[in-house]
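Undergrad: Since the structure of chain P is provided, determine the placement of chain D on it from the hints.
Chains as they are written, first to last, in numbering that gives the first Met the number 0: chain P, 0 to 348; chain D, 0 to 348.
Think of the hints as simulated: they come from the structure by calculation, not from any bench.
Please note: incorrect hints may appear among the correct ones.
Identical copies carry no separate label here, and so any pair may be met within one copy or between two of them.
[Stated by the list, open to error] Here are the computed lysine-lysine pairs in the DSSO-like style, where the Cα-Cα straight-line distance is at most 30 Å:
1. Lys265 with Lys139
2. Lys340 with Lys327
3. Lys82 with Lys5
4. Lys57 with Lys242
5. Lys341 with Lys36
6. Lys242 with Lys188
7. Lys293 with Lys340
8. Lys265 with Lys242
9. Lys223 with Lys80
10. Lys36 with Lys18
11. Lys176 with Lys82
12. Lys255 with Lys242
Number of protein chains: 2
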Amino acid sequence: MTTSSKNSNIHAVLLVGGKGERFWPLSTPERPKQFLKIFSPKSMVKETADRISSLIPKTNVHYVLPPHLVDSLKQEIAGVKNKNMIIEPQGRNTAPAIALAARALRDEPDAVMAVLPADHLISPERTFLADLKTAARLAKKGYLVTFGIPPDRPETGYGYIEINKGQPLGRRGFKAKRFREKPDLPTAKRYLKSGNFFWNSGMFVWKVSSIIQAFREHHPGIYKGLLDSAALSKAPTLRSYEKLEAASIDYAVMEKARNVAILPAKFRWDDVGSWSALERHLSKGLDKNTRIGKLIVLDSEGCIAVAPQGEIALLGVRDLVIVKSGDKVLVCAKDRGADIKKLLARRTR
Amino acid sequence: MTTSSKNSNIHAVLLVGGKGERFWPLSTPERPKQFLKIFSPKSMVKETADRISSLIPKTNVHYVLPPHLVDSLKQEIAGVKNKNMIIEPQGRNTAPAIALAARALRDEPDAVMAVLPADHLISPERTFLADLKTAARLAKKGYLVTFGIPPDRPETGYGYIEINKGQPLGRRGFKAKRFREKPDLPTAKRYLKSGNFFWNSGMFVWKVSSIIQAFREHHPGIYKGLLDSAALSKAPTLRSYEKLEAASIDYAVMEKARNVAILPAKFRWDDVGSWSALERHLSKGLDKNTRIGKLIVLDSEGCIAVAPQGEIALLGVRDLVIVKSGDKVLVCAKDRGADIKKLLARRTR
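Bound-form chain P, shown alone (with noise of 0.2 Å):
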């Protein structure tokens, strides 16, 4: 058989959701930012599915995306079936959308399946998927894991996760100790000498049955609404999905399960979770600015400019982020991404 070498007993998860704020204006409701195409000729979510083709037969790819994003991701990946698009019937986080896909997977309990993002940049390949098989036997084992990436920098926009590095679990891995909230940079320059924290990835490797135990056990409401016998007996609606609370699986289940389980991961990661991510993967010019497209630039450095289409010119200014897509313009401090999603808030005043 021509998948004798892909593991049918790992299902993946992509998640496929995202309101499309952080990468305004390329990115947009209708194209949210795993639909760009900012790093390669593909877009993210086709990189993802690419990037453990090899490992995970396609029939055991799901993607977990909102009704309005189908016919796009039908674009992107080339003769998906319906059967693996798990639809939410509205974003709600990362708690519920899980759920859903472990309440599409009940009936391979020992299954186990690795819940991945569909927009962060990994490479290399074969050294995530090695990572991913050592996730996999730790997971085997009844462990909730998810990869820590060990910090380059002290970075203040990321969860940390400390491991317990007296309890080590088989080759690589930690018992976790803690989950931290985003640090200040006199704690994160602390958690980046100390060794023991890593940066929450917000990729999880579990059995299907470890996961609902987690959600009964930690989250009631979600197991109840989704997963328990009363809630299989119908199929979720937009009404009952509504009333799960938007939860993330770090806050519903991750920081209070006992059986998490840290592997640090050996692949590069960045979430590029702003504009200002770009820097970290893109060529400055010799004029020390980033771009996508044609720029000019006068006496202006340290800015990323993104105009696919078009021209951007910069003149006597330095740090910023200037954006142009089709007929709209953001011009943003370049330390000040974050607040994107405020910025658009008043769009509708």
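TA: Showing chain D alone in chain P's frame:
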């Protein structure tokens, strides 16, 4: 006669050339500033023509312009006659353009000719026309009259003209004492305080014979190229025109002539020489940013945002000019508008 109130002894010469660089990317070589509709539903050239229409008959209104702007002018000035368009083979600054106009009017040596840039803001119309008549009276006496604009700020972007207070001319004019280059700020402050210094408006009123004589005396090159009897025997060609010095009329004539009169203007004037001038003419929003088109703002002030079509969003920035026109975007420090020419010179590299 319907034109009985109009003065057929005055001609208007509207300068319609220009590279379209100062207001790039809204202005372009094909659509320089005088064709923009920034401050009113009418273009600036149409405003200029309409402003004088009650005083000067249409047959006496001449437009100096390069060939590629002829169609645009016809669209703006309905019914403009070919004989009222004086075609510059190419843009070579104001002195050759004015000499071309004087050449076209040479058969009326005693007629008064008012040279008016087509891209200045002037109001009120009635005051302007009264000043124009006053200037024409001085011109009739043989003076080369220029409107001096009483400064209301220590502007360092304009040239100044010093009047000779001891030599009043007519009721309101003065002999010119000296032309001054763009001053530094302390000098500009001194000029402002003294009351004897006026901005050089670039608007001139003189008899046809006076300006021809002035070229003869002060710029023999242009005189021989366009105005002496040998030159008059043949039409100027691109080749002959290219040989003329691309000099301003100030440099070629006004700074040297001894019969220059200054008429302090009673009208309000702005040459709107750069994007930052928009702040003086458009109202700021409550959020302290000047706009044309749709603007969303968070924590940003002192910006000038121009997007006749589309939408600009500002986050955490200040004192910037942002202009979106078609697929082009300019982001410029507000005090660097004068360097757009330098910026554009980089486009071809």
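Undergrad: Run every hint past the structure and note whether it holds.
TA: Checked hints:
no.: 1; hint: Lys265 with Lys139; in the structure: within (20 Å within a copy, 89 Å between copies)
no.: 2; hint: Lys340 with Lys327; in the structure: both (16 Å within a copy, 25 Å between copies)
no.: 3; hint: Lys82 with Lys5; in the structure: within (20 Å within a copy, 82 Å between copies)
no.: 4; hint: Lys57 with Lys242; in the structure: neither (32 Å within a copy, 73 Å between copies)
no.: 5; hint: Lys341 with Lys36; in the structure: within (25 Å within a copy, 33 Å between copies)
no.: 6; hint: Lys242 with Lys188; in the structure: neither (40 Å within a copy, 68 Å between copies)
no.: 7; hint: Lys293 with Lys340; in the structure: both (27 Å within a copy, 18 Å between copies)
no.: 8; hint: Lys265 with Lys242; in the structure: neither (39 Å within a copy, 70 Å between copies)
no.: 9; hint: Lys223 with Lys80; in the structure: within (28 Å within a copy, 82 Å between copies)
no.: 10; hint: Lys36 with Lys18; in the structure: within (17 Å within a copy, 37 Å between copies)
no.: 11; hint: Lys176 with Lys82; in the structure: neither (38 Å within a copy, 88 Å between copies)
no.: 12; hint: Lys255 with Lys242; in the structure: within (22 Å within a copy, 84 Å between copies)
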